[in-house]
Amino acid sequence: MLSKESPENRALIVGNGGIPALIGLLAYPDKKVQENTVTSLLNLSIDHGNKLLITKGGAIPLIIEILRNGSAEGQENSAATLFSLSMLDENKATIGTLGGIAPLVELLTNGTVRGKKDAATAIFNLILNQQNKVRATQAGIVPALMKVIDDRSLGMVDEALSIFLLLSSHPTCLGEIGTTPFVEKLVQLIKEGTPKNKECALSVLLELGSKKQTLLVHALRFGLHEHLSQIAKTGTSRAQRKANSLIQIAKKCY
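Per UniProt numbering, the very first residue in the sequence shown carries number 1; after that it's consecutive.
Just so you know, the hints here were simulated from the structure itself, not pulled from any lab data. Heads up, a few of these hints could be off.
Result set (DSS-like, lysine-lysine): computed pairs, CA atoms no more than 30 angstroms apart in a straight line [what the hints assert, rightly or not]: (1) Lys196 x Lys252; (2) Lys147 x Lys191; (3) Lys251 x Lys211; (4) Lys147 x Lys196; (5) Lys212 x Lys196.
Pair by pair, the computed Cβ-Cβ distance ranges are [as the list claims (entries may be wrong)]: (6) Pro7 x Ser237: 35 to 43 angstroms; (7) Gln131 x Lys211: 29 to 37 angstroms; (8) Glu90 x Ser153: 54 to 62 angstroms.
Even for Gly, the Cβ is constructed at its ideal location relative to N, Cα and C.
Throw the hints in and build the complete structure from the sequences for me.
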């Protein structure tokens, strides 16, 4: 808590060699110690300079190991720490290369609600790196996100769709995402979802349809057009723009 609340305390801890000492404890064979250590590093990583020190100290592979095998809270805070460290662009590639994507997908699939949210946040940031998009797809991110969308009690539909939007920009990922069942799911969200759900689903469908027109044909068969017309009039400003763009592309499908 000392490191979380006060910049002065963080500076004092770092100035007295706190980061190397904490990194040394990440491999300690006690899950509670690991949990407390990664939590402390998470709090210290709030500061940009500390992100660099934590990275240079060799913490990332040790944090990934806790993400794989630590306690539930240790896994959650490891995911949050990887997100924090991935704010440095070079760390996005490093985390992917060191195998950090697959355990994040595992946490998204089987973690606690908080674990799923921490995993989704980290994954979103990491797949801004193109190679990590492929790694995430190979690790099973698509079925994991489908489950998240289907479990409305999680309240993570928008987060899942935002990840899908990033993935759909990569040709390798597009092949796995661009399926008829997924298009039907998007149309259902456009029909029944919250205004934000509709906005996000439209964005994904526009990305898919602009790259693979047959997917938009399927969407039209599922009744997309009537919903587009309504959203173009009454949706959020962003949703209206997406709906109008889809209407223009759809005209080429008739």
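Please write out, lowest number first, the hints stated earlier that are contradicted by the structure. 7 and 8
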